[in-house]
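There are 4 protein chains.
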Amino acid sequence: MIIIMQSHATEAEVQAVVTKIESAGLTTNISRGTERTIIGAIGNERELPHESLLASPGVDDVMRIVKPYKIVAREWHEENTLITVKDITIGGDEIQIIAGPCSVETQAQMDLAAQNVAEAGCRLMRGGAFKPRTSPYAFQGKGVEGLEIFRQAADKQNLPIVTELMDVRQLDSFLEHGVDIIQIGTRNMQNFDLLKEVGKIHIPIILKRGLCSTISEWLMSAEYIAAGGNHNIILCERGVRSFETAYRNMLDVTAIPVLKKETHLPVIVDPSHAGGKAALVPALSKAAIAAGADGLLVEVHPNPCEAWCDADQALSPLDIKTLMAELKLIAQAVGRKI
Amino acid sequence: MIIIMQSHATEAEVQAVVTKIESAGLTTNISRGTERTIIGAIGNERELPHESLLASPGVDDVMRIVKPYKIVAREWHEENTLITVKDITIGGDEIQIIAGPCSVETQAQMDLAAQNVAEAGCRLMRGGAFKPRTSPYAFQGKGVEGLEIFRQAADKQNLPIVTELMDVRQLDSFLEHGVDIIQIGTRNMQNFDLLKEVGKIHIPIILKRGLCSTISEWLMSAEYIAAGGNHNIILCERGVRSFETAYRNMLDVTAIPVLKKETHLPVIVDPSHAGGKAALVPALSKAAIAAGADGLLVEVHPNPCEAWCDADQALSPLDIKTLMAELKLIAQAVGRKI
Amino acid sequence: MIIIMQSHATEAEVQAVVTKIESAGLTTNISRGTERTIIGAIGNERELPHESLLASPGVDDVMRIVKPYKIVAREWHEENTLITVKDITIGGDEIQIIAGPCSVETQAQMDLAAQNVAEAGCRLMRGGAFKPRTSPYAFQGKGVEGLEIFRQAADKQNLPIVTELMDVRQLDSFLEHGVDIIQIGTRNMQNFDLLKEVGKIHIPIILKRGLCSTISEWLMSAEYIAAGGNHNIILCERGVRSFETAYRNMLDVTAIPVLKKETHLPVIVDPSHAGGKAALVPALSKAAIAAGADGLLVEVHPNPCEAWCDADQALSPLDIKTLMAELKLIAQAVGRKI
Amino acid sequence: MIIIMQSHATEAEVQAVVTKIESAGLTTNISRGTERTIIGAIGNERELPHESLLASPGVDDVMRIVKPYKIVAREWHEENTLITVKDITIGGDEIQIIAGPCSVETQAQMDLAAQNVAEAGCRLMRGGAFKPRTSPYAFQGKGVEGLEIFRQAADKQNLPIVTELMDVRQLDSFLEHGVDIIQIGTRNMQNFDLLKEVGKIHIPIILKRGLCSTISEWLMSAEYIAAGGNHNIILCERGVRSFETAYRNMLDVTAIPVLKKETHLPVIVDPSHAGGKAALVPALSKAAIAAGADGLLVEVHPNPCEAWCDADQALSPLDIKTLMAELKLIAQAVGRKI
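Protein chains in written order, with the numbering used here: chain A, 1 to 338; chain B, 1 to 338; chain C, 1 to 338; chain D, 1 to 338.
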């Protein structure tokens, strides 16, 4: 950690900072420049009281040198983490396209959706039983009944299932229904109590990025899960909030190479929630794979116009087949396969 | 609701939209312009399937005419909502300054803090027992023990208490300790299951704005609580995320007059978390009161430099006294009192 | 245009709006809903005084139905615009990679850079003679002398040149030195007097997006140029400002498919200024081409470490060769060539 | 400047950085921590090649210690700058409200506007002769004729005039008409050639903040003007772009105390362009003065509904009188006068 003193800081103020650092077990290096005095703290800076140093008299700024996350950092674990779910590996050479409807509606809809997903060549299925909706008056999901419908539909096609957990009280149902991958949604990225709970189990977690979370905050949320013991974490970029109103959210494609450098965890992209329009999904999907994503989370519905939620962003069964063919070519172009 | 057809939409596509609207029980008004055909839906547009209309062939855009919230809208409830906690009214002529430390540390610290708060003339006290922290390695709060310490300290000064609820499983403890106002924090503004739970009780709720939530989304979260039956809701603006790096968050002062027009609920401001620096608190506090806020939520610590969290943003006991004197003048200037 | 009246608007207020619309030569369609009265204006809404309607008593909101731009809109010109510069076409099947250093430094540097660019297989060269720098104390470019150096270096390799125009007073020098494509930079996207000047000539213009300009504003700036008579406009996405601090700007990859739908103009991407780091350029370049971009604007320097500006974002001669090979594969995967 | 080496940086890479720093005339301080080696550069860091250091092998990050601006920094000039225009002082105890219409329309309109402004007690007048409009088809201002009309109208009331300069070629006309304060608008905040030109004269400049400019970039633009010799600079906060759609721009009230600490220049606020609605102007004006602003730039029109531009954001003659009375009370509450 580097402590930058104000230009008029007194010698006593400098010494008070040094004492604070040394009492935390670190040593110091003082550099007296022409305009400022700068104090370097040598040792494990995670032990230092950052805010208290910032509040000390005479201190202008405090800069961290090391990253605040450790378990999820590539600096401490160089090889890519591979996550395997029933013979399917996420984070390896093979790119995984996880497809399915926004929400579980009926058994017939889910059976048909599962068939569409399998026929398109996707190896995992997504679907929502508990739905986070902006309005209390909107359809809130089928709940536990939805989990059952989903499980049955997916089993017929031998597809592992991905579904969103919104509340710690639902976790037992998720375990009972053998949910293969648990999704923590955008609005819960910093629901720390929920993160702690999924840190205690060993089911893989898809951790979606918050709507305006920095990459650093997102990795800290992953660190919450990892610190609990669950290292099976998949990061999912899904667009961030911006000033642009021509589409829903801004897909942060730059986050993909930045995450690949910062962490060993797999990175996937949700082009459906990012763009918010089915017509944008192909371009965003291709961009994500070209930029190095390990997979996609795509909304597909047997009959998009009749979907109970997000109707305008779901691909049709034909759309997903066409897209899969296009993505195979992009995957090859970057030396991978689908 | 207004449905704008694409410029090349066919008559059949127009009719399909009309059929969809009419089957939801509304009537239509068709306006054939020089460039586009526009369909107006007449009736309760909250009954219409917005997303499904948007996904219909030939549709270019769908615009809502009425606000998605109802109980919290001033349009349906013209008088200001007044919330009374032990003789203290929030939302009336009197402006309430809620002060206290970021987190409960020890009984001695809280006793002293309560004394500081009361001496400065503040009538309610804040303090955190459960703390949402970005890092899993940071101090997470004293938990239930903290509630007990807080209750005792505040009771000695006869101050009602405000503290943050992060998880539904903590609610029973909050009720046992007689928490007077429950705060739902920024990161939980769209934790819908938590909102539903606090909608079932009648304790007043301070609902903080999400870090990049629109005013409309924020009011929809308030509507979640209200729809459950709890209309005692106080909105708290606490700064939003922006591109600016010179300070922590950007206080959205414009939200104050906009909320005053849109809703009848009281609006308060947290200048401490917004600016992130004690030195910015006086200017932001004065701006908030001048713009029409009904109160403030301010961090005060008996000894800021030694605070266990957010040390650099807490006011000292002397600071809060000085600020209260300044705020009284601003309150008078806008025809109110403190 | 649709005018939404306030819920308590009087009949006289409705009539006043109708009169305003009719006096502008349009007709009206009045729809009296359960909660609001809505007035549709039928005819050329570009003739209507939008702001004056919004200011009329009883009006709640005014919504535009048609896009404010016309010449650049695909709605009015369905085929892609192809721009040809000395046998090289931008906007067609062939993707163009425009490469070169941030700034012109010396004849030797530019000669070597031109050789690097040509050897890598790029067909156009970029370089800055006039430099917009945030600091008045930073190197401001070689000016007219730089144009001369650039012209000579590029001519030896038969490369058309792209360079930035910052001030109308420099335009004559640009014409004298036969600049093949004039770049209007991010900071000048809404320098309307400059846009009007380049609207009077016929040299192709690369119009970079402003740092927080919406797609609609950007197209309106293109419309400024087009309205003057110059339809040879290339749009360049270069990253927008966001809250993220892990890299410089956020590349808006979604803008590519949105622009392809909205306009017939070619769209290119500048991955160097977006990411701000050479290490991010390959991933962003591949994403851009996969999403449908017609070309790239890439910083390449014979010796990046010694570059006089933006040293950390320039590719080396070897980097650009490697990237070109990778991009050829992506181009093929999307049915195009480089 | 502090150079943070990568964790695996070699000794040779460390030495290369040291050599680069020393060859620029500075000395170094090397601190070898447990995880990283850090190099401090001692001396005038403005002489160091920031980007080139960042591009050096083995370097992870480079942090500046001193601010990039100097003439405008309070660190080097502690007293407030006072700017006097015909007996009126900006930046002193007296707060200045600069009022007037968005654009010059006719002599009658401006005569009436000047009378309204003077009668309300405002001491300076604003008005636009050259208008930056997003659309090429919108009214572009009356140009030089507008300057003449404005000058005549203001002279009758003895009001100094403030008007916007968009292009260097208009500067002579501005001098001829004796414009008292020249405004550089939001879209030209980084039009560096224009900044250099107004740096050569001695007329006070109002420099508006760019739509998404950081405070640091804004001060760098002020430094451009100051570096040319013109130190009469007034900073004008006018709202920044955000994700919020409930109003036009987000007034950054926090910028006021931050600027007051960082610079000695006067700071004013434009509440009209920020909120974009006349109804929001009073609350934003009061907030600005309460937060420490030295003045306001407010749109007032004799007949807002008929204004040729920004009709919905102008105050009426009665509105401005009422507002002035309210602002006097706020000014007193913060120990100033209007």
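Worth flagging that the hints you see were computed from the coordinates, not collected in a lab.
Don't take every hint at face value.
[Claimed, not checked] Here are the computed lysine-lysine pairs in the BS3-like style, where the Cα-Cα straight-line distance is at most 27 Å:
#1 Lys321/C - Lys261/A
#2 Lys260/D - Lys196/C
#3 Lys260/C - Lys70/C
#4 Lys328/B - Lys260/D
#5 Lys70/B - Lys200/A
#6 Lys321/D - Lys337/B
#7 Lys260/D - Lys156/D
#8 Lys200/D - Lys70/D
#9 Lys328/B - Lys337/D
#10 Lys277/A - Lys196/A
#11 Lys328/D - Lys260/B
#12 Lys337/A - Lys67/C
#13 Lys261/A - Lys321/A
#14 Lys328/A - Lys260/C
#15 Lys321/C - Lys67/B
#16 Lys156/D - Lys277/B
#17 Lys321/D - Lys67/C
#18 Lys196/C - Lys86/D
#19 Lys67/D - Lys86/D
#20 Lys260/D - Lys70/B
#21 Lys261/C - Lys328/A
#22 Lys67/A - Lys260/D
#23 Lys261/C - Lys277/A
#24 Lys260/C - Lys321/A
#25 Lys70/B - Lys261/B
#26 Lys70/D - Lys261/B
#27 Lys196/B - Lys67/B
#28 Lys337/B - Lys337/D
#29 Lys70/A - Lys196/A
#30 Lys277/A - Lys261/A
#31 Lys261/A - Lys328/C
#32 Lys321/D - Lys277/B
#33 Lys328/D - Lys156/D
#34 Lys67/B - Lys277/D
| field | Hinted pair Lys196/B and Lys67/B, Cα distance within 27 Å | value | 21 Å, holds
| task | Could you grab the alpha-carbon distance between Lys260/D and Lys196/C and see if it respects the 27 Å cut-off? | result | Cα-Cα ~38 Å, so violated.
| task | Sort out whether Lys260/C lies within 27 Å of Lys328/A, counting only the CA atoms. | result | 23 Å, holds
| query | Does the alpha-carbon distance linking Lys67/D and Lys86/D stay inside the 27 Å limit? | reply | Outside the cut-off at roughly 34 Å; violated.
| query | Between Lys337/B and Lys337/D, does the CA-CA distance stay at or below 27 Å? | reply | 22 Å, holds
| query | Is the straight-line distance between the alpha-carbon of Lys70/D and that of Lys261/B 27 Å or less? | reply | 44 Å, violated
| task | For the pair supplied as a hint, Lys260/D and Lys70/B, confirm whether the alpha-carbon distance does not exceed 27 Å. | result | 42 Å, violated
| Keeping to a limit of 27 Å between CA atoms, is the pair of Lys260/C and Lys321/A held or broken? | 23 Å, holds
| message | For Lys261/C and Lys328/A, compute the direct alpha-carbon distance and say whether it is at most 27 Å. | response | 24 Å, holds
| query | Within a Cα-Cα threshold of 27 Å, do Lys70/B and Lys261/B meet the stated pairing? | reply | At roughly 14 Å apart (the allowed maximum being 27 Å), Lys261/B and Lys70/B satisfy the hint.
| Lys261/C paired with Lys277/A [C-alpha distance capped at 27 Å] | Cα-Cα ~13 Å, so holds.
| task | Given the hint that Lys260/D pairs with Lys156/D, test it: the Cα-Cα distance must not exceed 27 Å. | result | Not satisfied, since the Cα-Cα distance of roughly 35 Å exceeds 27 Å.
Checked against the numbered hints above, the structure violates hints 2, 5, 7, 10, 12, 13, 15, 16, 17, 18, 19, 20, 22, 26, 30 and 32; every other hint is satisfied.
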